[in-house]
Every structure is written in C-alpha cells, then in structure tokens.
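Kindly produce the complete structure, drawing on both the sequences and the hints.
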Amino acid sequence: MKNLTRRIAAVSAAAFLALNVAGCSVTTGNPTSDGGGEREQKDEYRVAYIARAQADSFAAWLANEMKAEAANYEDITLEVFDGQADDEIENRLIENAIANKFDAIIIQPNNADAQLPYIQQAVDAGIVTVTTNPRVEGIDGASSVDANPYDQGAIVAQAALEQVPENANVVVLNGPAANFHGTARREAWEKEFFDQRPDVTIVAEDTANWNKDEALTLMEDWSLANPKIDAVISMNDNMASGALEAVKGKSGFDGMLAYGVDGTPEATLLIQEGTMTATSLQDAAELAQLNLKAVHDLLSGAEDNVSVNVGNPLITKDNTQEYIDLYKEAGLIGN
Amino acid sequence: MLSRLRSFEASRYSIFIILVVVLVAASFLSPNFLSGDNVFNVLRQVAVITILAYGAMTLIIGGMIDLSAGAVMAFAGVASVLIYKSSNSMLLAFLAGIAVGVICNLINAFLVATLHTPAFIVTLGMMLMARGAVLELTQGQNVLQLGDFILIGQGNLGLLPIPVLILLIITAVIWYLMNQTRYGRSVYAVGGNEEAARAAGIAVERVKYQAFLINGALVGIAGVIFMSRVNAGLPNAGIGYELQAITAPIIGGTSFSGGVGTVFGTLAGALIVGVLGNIMNLIGIGSYVQQIVMGLIIVVAVAYDVFSKRGRTKTTILKSAPPVQPPPSAGESPGALENANPKQ
Amino acid sequence: MSSTLLSVRDLNKSFPGVKALNQVSFDVRPGSVHAVCGENGAGKSTLMKIINGIYQPDSGTIHVRGEEVHIKSPIDARAHGIAMISQELNYVPEMTIAESFFMGRLPLKYGRVNWRYIRGEAKRVMTEEGLDFSGNRRLNTLTVSEIQTLEILRAVYHSAEILIMDEPTSAIAHKEVESLFAKIRALRDEGKSIIYISHKMDEVFQLADDVSVLRDGAIVSSQPAQETTSARVIAQMVGRDLDHQSYPKERVELGAMVFKASRLSRENAFEDINLEIRAGEIVGLAGLIGAGRSEVVRAVFGLDPLDSGTVEVDGVLVRTNTPKKAIEHGIAMLSEDRRLVGIIPKLSIKKNATLASLKKVIHGGFHRSSVEEQLVTEYFQKMNVKAPSTETRIESLSGGNQQKVLLARWLIADPKVMLLDEPTRGIDVGAKFEIYKLMTALARQGRAILMISSELPELIGMCDRIYVMSAGRMTAELEPHQFSQETILKHAMNQIEVA
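Chains as they are written, first to last, in the numbering used here: chain A, 1 to 335; chain B, 1001 to 1344; chain C, 2001 to 2499.
In short, the hints are calculated from the structure, not lab data. These numbers were taken from a predicted model, which means no experiment stands behind them. Yeah, the Cβ is synthetic: ideal placement off N, Cα and C, and Gly gets one too. Just so you know, not all the hints are guaranteed correct.
[As the list claims (entries may be wrong)] Not the full set, but computed from the structure, chain B residues with beta-carbon under 7 angstroms of chain A:
id	residue
1	Asn-1032
2	Leu-1135
3	Leu-1144
4	Asn-1236
5	Ser-1287
Right, here's the structure in full:
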C-alpha cells in the first residue's frame, strides 16, 4: 500500500517534470496584485492569459506552451487564469485583469459573442488585447492570433476528396452544439467535400461533444446498424480515435478511413500505425509563440496591430514521424 | 387475502415491466437490436455506469449521496493507467484504481460519518478536489499508449466481454452484500431511520464508512474499465457521471429519502437508460432528441413508481389508521400524569 | 327539518386486501356530541376521512339535513358545513394566526389578498373568545392546545355545523382539557354537532350524548350514552369482556440483583440517580413529564452521554456509552417515541424484529432465512401481532402492533434488563392488556424490567416497586403497601424534599 502511494507520487512527479518543459518562471492562479503600473516602456510587463478551460486538453496544452514561451521573454511575466468553460467566469476574469491593470491580456474566449463587450472594455482601458483560438472579430484596436478553423477542416476535406471511394457510406462526428471551431470545421467539410461528392452518403451524424468515450459509444452502435462504413469524418481527433476504438479488430472495418482535426499526439500515433488517415495540426506551440511575439511587439511599440494565423499543415502517414518527434521532444509522447 | 395481496405486488415489479416494454419496442424498431453482438455491445456500454450506480445505490439507501463519483472515477482511472505504464503490472494498476477510489471515499466517510457534515457538501468538495488532482497530475493532457491495459475494457473471456464479466461479478457481490450480510440489513435501517437504527444497536458510523468504502471500490473499478475501454487516460472523463449514476437507482425504485432500493431494480434502471440510448443510436435519433427522451423516461418511471406504490400503501393500511402518536409537544403538558387514566 | 343533522347509511369501503368499512350506518342529532369509539384499526379514521371527503366510499350514502350529498374533497365537506379538527394538527409553522384563520379561502380585494380585513376579522373573533393573541403571531409560537382552539374557532367562523374531533385530548394538558370540554359543550348548546373520536372512556362519558362503537369496520352498537356503560363499550370495542380493573400481575419470586445504576448524573437532565432491579422484578419509574425519566433510561442505554455514574449488570461494571454496547451487556430499551427511535418504517416487520439480533439470523457469511422466519413467526404468534405477512412494512401496522413488533425485537435479542419507556402509550385497550401479560411472562422468566409510565393505575397495577422522580432527582422509592395515586403524585410534584 505504502509502496503504491509512493509509486503514484513518483509517477505524478514524473508527469509533472515531463510537461513543464524548461524551468519556467511563470506563476498561475489568482493574482494579488497591488494594481499599480503605467502604460509606458517598462522593464517588466505583466501579461494575463485567460484560458478557456484548463480541463480541455487542447486548451491546457496551449496554456502550458504559453507558459513555456513566456519564459523566453525576460521582460514578460505571464499569469494564467482558468475560465472553466464558463462565460460568466471568463468575463469576470477579464474584468479582474482590467482592474488589476495588467499591461496586456491574451484572451482565449469561451464564447466570442459573450466575451465581446468585456474584450472591448479591455481595449478601451488602453490595455494591449489579443484574442486567440478563436479570434474574436469586430473589435477595433484588438489584435489576434489564430488558427483558422475553416482552413483546418478544409485541408483534411480536400485530402479526403481523392481517398474516399465511390458511393461511400460515411459517419460524421460533430463538436458541441454552437461551438465556433466545430461549426466552422463542419462547414469546411460541407463545402470542400460533400458538395463535390454527391455520391457519398452520410449514414449517421451526431455530436460527441469532442469526447472520446461518447464517440466510442456512438460508433459501437452505428457500426452495428451499418455494417458498411467507409469513412469516419470527425471534427476533432479525440472523437476520431474513439470511433476507431469501437471498430478495432472488427471484421469489415479494416480498411475504414478516419479523418480528424487538431493533430493531437494520439492522432499522430494512430496515423503512423495506419488506423487513422489524416488530420491537420493546430499547433499549440506555434500559437503560443505568435501570441507572445504579438504581445511583445505591441508592448514595445514595434507594432500597432497584429492579425496572424498559424499554419495548419496536413498530417498523413508520409509526414507523421516529423510530428511524433516534435511531441516526443515536448514530452507529450513517451518512448 | 394473501393471493390478492400478491397480485398487487406486481407494482413492485413495475420497473421490470418497463424494461420489458423497452426491450420489446427496441427489437421491433431495429432488426439489429437483438443480435448477439448488440446485446454484448449494450452490456459493455452500461457496465461503467451500472457499477457506479451500485455505489450510488448503497449510499442513497443509507441516506447519503456521492457527487464526487465522476471526478473520482477519472482520478482513479488515470492513476491506474499511470501505474500500469510505469509498472506494466495489470494487477498493480487495478489495485491502484481501487485504492484511489477507496481513499477519496474514506475521506468522504470521515467527514460525513465522523464529523457529521452533510454528504452533499462533502462530496461536492471531493468532486472538485479529485478533478483538480487528476488535471494537475496530467496537466490536462490525455495519457496515451496504454498497451495491454485495454484488455480489461476491450478483451473477451470466451464470448463474454471482460467488462460484462466484471459487471456480472459485481452485481452478484453487491446483491450478496445487500441481502445476505449484516451490513446490508444495517444500511437499509440506517437510511430508513438513523436514530432507530442506532437504538437497535447498529453501529451507524461504521455502516456509513462501509457504504463509502464499497462505493470507493466500485468507483475505482469503474475508472479502470472506463480508461481501458477508451484506450486513454482521460482526465476529463466522467463529467456528469455522478448524476447518471444516481439516475439508474432512482429509476429502479431506490428512494431518495433512503432505506429503500434493490440491486436488480438498479440494474434494470441502468439497462433501460442504456437500451434507450442504444436503440436511438441504432435508428439514427440525434442526441438532442435523445436527451428529451431520457428526461421523459426518468420522470415517467419515477412518477409511475410513486403512483403504483401509493396504491400499494393503501392496500397495506389493512387494519389500521396511520400510526398514531402524540406529537412531541405532549412533553410540554405537565398535567399528563393525571389525565391519563383509563381505569375509571 | 329533519331530526338528524348527519346521516350515514350503509357505507362500504375496501382497500385491496382488507374491508375497512362494512355497512356502516349511524346518525348524528343536531346539538349533540356523538362519540365514536373503537380500537386502533377499527375503521374510525377511514370513516371520518370519508365524511371529510378525503376518501370516497365504495357504496353507501351520506345525508346532511336530510339531503343526500356527495363529498368529493375536504372543500366539499366545508361547503356542507363539515369541518375536521385533525388528530395530528397540521399547520404551517411559519404562518401567522390571522393568515391561518383564512387559509384556503383568503378574501381578495381588487385581486389582492385583503390583509386588513383578515387581520380585523381574526382579531374580532379572538377578542370575542377572550383570547388576546396578536394576529401577527406565528403558529410555531403557540402551544398545541392554543392551535387546537384556533382550529375550532376557524371552523365555527366559517360556519361549520358538524365538527369532527379526532382524539383532541391526546396532546394537551389536563387544565386545557377542561377548557376544551367547556368549549365543546358551548358549541353543542349553540346547536352544533360534534363527532368525538376517543378511546378514553372517562372523556366519552363526560361529554357524549350518543355513543357508537366500531369494531373491525362495522358498527356494533349505536345508542344514547345513558343507556350504556364504559365497561360495556370497552367490551364491545375489544369484542370480549376485559376486566379493566385488574392487571394480569403475578408476584414472582425475586432473584439476584441484575441491574444496578449508581449516582447517575447528566447536566440539565438528572442528578444522582440510583436504580436497582432484581431478576423477576417489575420496577416503575413515575414522575411528571419533564422530570427526567426518559433521559435517565436514554443515558443508561447509551443514546445520550452520561456525565458521571456507573452501571452494573449481574454485579459487573459495564460501559454502555453506545446502544450497541448496552445491548451486548444485555440491556434493551423500548423508547417512548416509537416513530423516531423505534421503527424503521420502510422495512418489513420481520426485518424490524431481528434488527437488534442480526448475528442470530446472519452468520457464517450467509443469511439464514428459514431461521429468521421461524424465529419471527414464533414471537409474532406469542405476541399476537396482527399483520398480513412477515413481509409487511411496519409503517402500515397500527400503533399497538408496531409496539408488539418492537417488543419482539427485544425478546429475540434476549436481554437481561428491559427498560420500557411508556410501553402502552398510544395503543388500544386490547393491545395494552396483551403487553401487560407479556411483561408478566418476562418477569416470570427472571428478567429485570423497568417501566416508565404516566398512567398511574398501570404502574400501581403492574409494579413491584415504584421510583418517583421530580425535576431530575429521585424523590421516592415506594413499596407496594405505599402505592396510591395520591402518594405518587405527591412525590412527583415534590421539588426539594427527598423521601
């Protein structure tokens, strides 16, 4: 028993070390700032990163990358706040950051419409404001760094155009209702794939809320109702991997194609293994680099306004090793 | 008279009647429903929730509740995955999952039974703590490459999927605990009337510890199966499972006020929920409509249960008015000694 | 005008498995008190619920002033001038007096509740009655008797002609009983009729003009009170002759000292209490309510902590800080509060009965269901528990039968010492007698019995010795030749003097 607890402790410590790449000097949690600070050239800038939800694996990865990237800037101190996937909390965090007179605020919105007035307040307060993943449109004076979700979906859809066989039966796994990224990716699939391929039939489509376990259950049932499914089209990799789990080893599903988005470590491994077909990378490291660069340029006056997109490279069996190496380096894939 | 009573006992089986109706309806709606593959498929799908539901049931019968089940399940499952990856021992991993479940629940039990804090609040706190712990442990990332760990959730023993086998064993064990042991009798008594149970010599605190202990072991096992089934250590797993776990026993006739509930009722409740989800997926009903149907089923099942039980209560009023007792305020009347005199 | 105000004809009501009412007919004359007597379970409550519209009869008719009425709900009943003053007063504790006065029919003005009118009316009625409550007082600040008075006033104010009172004296003090009776007589003189349900014979014969007796759902007699006697009514109620004057007491050869409690104290409850009980002895513990009698036995049994004092069983010092330990040392306690500290309502009578002896029915890892069934059946037969089966939920039994199941629980546990706190409270005459017989049998087996009771004749009839407590202290220990209601009362009211 004692031994076991020690093991758990050891494992958790190991996981910790692996994930906190490079000793970073950032702090997380609630700031107890005394609130002083002018918007002038300073030696030390206080930057708030308001994350959508620390419990969301991509958002958590991005937050970790943000922390790691901030450590590369000597004049930036980054504090990370958790919006807990709740508009109310996210809005309150923005207000707090304004009141605490941060020099810059990076906002990963939970719901662009809901955060819009609060982001406007930050801009009006003269604070450097950057929206990211996704970008919030329609705010004068705010900068943005984003991956374009339409493009992310489109690049995979275009690849699928060639690969999906004639008269194929496909199933579609969607993100949560009214999710900006989920909706845009689905739209890309519609325009870039389904409109071009009227021969393809969608035999089942539903939301699995980005979750692997929900996608697993859906696919278990769908695969029973539809003995022939040629491709899984999923709006993220988690759900694609869940669907693949459901048909693993099942006869008749060996050659099934599977598409996702995000380029998660798991997806790169599945692509290498040959069970998953393609995904596009939403690179948290690159997002973090561009965000911090944007903030730094804006604070130092090198730029007035920034609006950039990260690339969204397609990952297939041909180039997957490259990304696996990247993840191994970041400690997100073990050896 | 007895035979008339017995026929009336049918209402006790209302939940099983609903289950049969659902099964029959499902087999008409989809030709795939009754295929051997799908039967195991449904059982595999309900295994995790049903195991959690047994834990919830034993707590609710004892007059308590566990809101931390979903979060502790994720914590236990991820801990199990990590232990497996570092030790390559299935047994150790399994025990680790159970240990995490049990430890979290012993903390719950200490606060509830020893310090007399309401279980609702205690387990709400534990829900946050366990979720925070598992997110901190993984830094919010999914744990991958589980290797043979997936056997527990995906393997078969002969024809029988291992999760189903585990579910059957646990069903038998829980049935035994609730019906054949002193613990079982005691937990019904504690939930039914804690003061009276204490006065009958039941060690109430110990019973509460035992209930949380059982729940902890079940939550741990559920976590191991869950992670193995999805082939990943998901720190976000099980959000909302605490409520789903409560749904099955409540549909199955477990009373929220404690002291009432059966293992097979809970199993039937879990199967109803599982079969409905399955059949709606099979015939292509979307998840939005599924939520409406699930909500309806919960309300209808419980309303029907209450309705049929009300009928039964009437039957057993039998020879009596409701139990009559002077209200407690009788103690305020100093003259009671004199006026109670039946002898004149 | 008809000579009957309320006339009930051939009412039948069945619940599945039981015929609750069988061809019940009776008449209530205007301006009379009509007592309805019967054991618990005889059908009184069902009958009253039908008259009040809570249940619907299977067949039969009800006439008010010669006109047939169909009472579908208590609201209908009110419209026909029938009001029920309930047995267990149901009220909303946070409600004000004035509000409760108009509950269910709040007068409106311009669509809003007319509070000014409500307060005015409540005040006027209460002033007329000589009550000086402010209409704004909340009900939870009133005594049970005051609430009862209010309920009666309310019924009369809303022009009730027939008032049903179900055991109205069960929860109020002696002095208050007198004023209640005065009120009832005044109402009768105003021409109202009262249906008075009770099994206290002295009350019935003080008040009633007519007496109807129900047994097993049927009326066995209905006649003017002058034409019958309390002995006859009791005989009709129980269906056999019960000589109520004599208790089934046997003198038993007393054995060794089984139970000894010395210098028991608990702050704000009792102080310096000594108790001794020998094998075969039934010892009474008398005192006014609030004297600390129940507190003593609760503490001895481990339900409440003791500040100091020792307990010995069979000459051995034992620690009984939890009921579990007390039971292990052979002590059993039947609480005065059957519902709160006695029954597990949703469990079967079988499971209730074996709860304190689980080791006897579940051992070696298995539940011995045939052993349990046998054990329970044996005791239930011995004690004459009336229930459809051993699987019946205890909550559906009458008070007397519940009490027998709880006694069976302790007999199965086979204790040496039995602390019985008001063992016959709230149960009917027949069941009381059976419990007395049982106590005698237990004494014969050599058990030590302590009985707390507020019914002095019961103590005098059953005990070998009586302790009297007052204000948390022991004030007397009486031997049989000293037994009398006067002596006990004198010591029970004595605050200082130690006998």
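Structure-based check of all given hints:
1. Given the 7 angstroms rule on beta carbons, the hint for Asn-1032 of chain B holds: about 5 angstroms separates it from the nearest Cβ of chain A.
2. Interface hint status for Leu-1135 of chain B: upheld, as the beta-carbon distance to the closest one in chain A is roughly 6 angstroms, under 7 angstroms.
3. A least Cβ separation of about 5 angstroms between Leu-1144 of chain B and chain A falls short of the 7 angstroms threshold, and the interface hint therefore holds.
4. This hint holds: Asn-1236 of chain B has a C-beta 5 angstroms from the nearest C-beta of chain A, less than the 7 angstroms allowed.
5. Taking 7 angstroms as the C-beta contact cut-off toward chain A, the hint placing Ser-1287 of chain B at the interface holds, the least distance being around 5 angstroms.
Checked against the numbered hints listed earlier, the structure breaks none of them; every hint is satisfied.
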